[in-house]
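Q: Here are the chains, one letter per residue:
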Amino acid sequence: EPEVTQTPSHQVTQMGQEVILRCVPISNHLYFYWYRQILGQKVEFLVSFYNNEISEKSEIFDDQFSVERPDGSNFTLKIRSTKLEDSAMYFCASSEASSGGSGNTIYFGEGSWLTVV
Amino acid sequence: KQEVTQIPAALSVPEGENLVLNCSFTDSAIYNLQWFRQDPGKGLTSLLLIQSSQREQTSGRLNASLDKSSGRSTLYIAASQPGDSATYLCAVKRGGGFKTIFGAGTRLFVKA
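Heads up: the sequence lines are chains W and S, in that order. No gaps in the numbering here: position 63 of the first sequence is 63 in the working numbering, and each next residue is one more. No gaps in the numbering here: position 11 of the second sequence is 11 in the working numbering, and each next residue is one more.
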């Protein structure tokens, strides 16, 4: 069964460093997302991406964050100048459609656990 | 602002029991509702998606219902098994947007 894959599974970084988290969404999907989950807290929406541009972002997704689809298969989240509070599990997700039937189903990757020290 | 609440926060049942997990949301203008399963330290596995025009969806031993007007959904698990032990998350997507809002989840433990 097709799946969303994420790398790395775990990354430790020094405060102030830049981090890039990578994702390969399911191949025929058109909508891509990043979510995060701070330990013990709810899963939070960060950003959605469609047709090579951001379609929606949350208040969390400030200038420190950026997303890119550098080629036909990868989707990346860049965090500039990481802070301690950026420590979280970051999930990439994708869906076939944004509207209409089961194509709305969002499929998540296994996550990238980021620890900022 | 949409808020999603899940009750109970944790549940422990003996194997074989039927159980119901509850999800409520404050804004009924949703596009769909999705139930997920999350194992510790792992990603989210989609269980069921209910469109706003639907009342329920079934997959195997799982049945999810949606009452949009009252802002409620339930996930029914029949004949629970130890392998069902996980955290179950409810998430709603509002109409006209891309954002999905999650509840805090119900942590389920099924005892053998």
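Where hints are given, some of them may not hold.
[As the list claims (entries may be wrong)] Chain W is nowhere near these chain S residues, computed Cβ spacing over 10 Å in every case:
no. : residue
1   : I7
2   : V13
3   : N63
4   : K99
[What the hints assert, rightly or not] Cβ-to-Cβ under 7 Å is the rule here; a few derived chain S residues that face chain W:
no. : residue
5   : N18
6   : G97
7   : F102
Quick caveat, the hints were computed from the structure, so don't treat them as lab data. The beta carbon of each residue, even a glycine, is placed where N, CA and C say it ideally should be.
Q: Each of the hints needs a verdict: does it hold here or not?
A: Hints versus structure:
no., hint, in the structure
1, I7, "15 Å, holds"
2, V13, "23 Å, holds"
3, N63, "16 Å, holds"
4, K99, "5 Å, violated"
5, N18, "25 Å, violated"
6, G97, "6 Å, holds"
7, F102, "4 Å, holds"
In this structure, the hints that do not hold are numbers 4, 5, in rising order.
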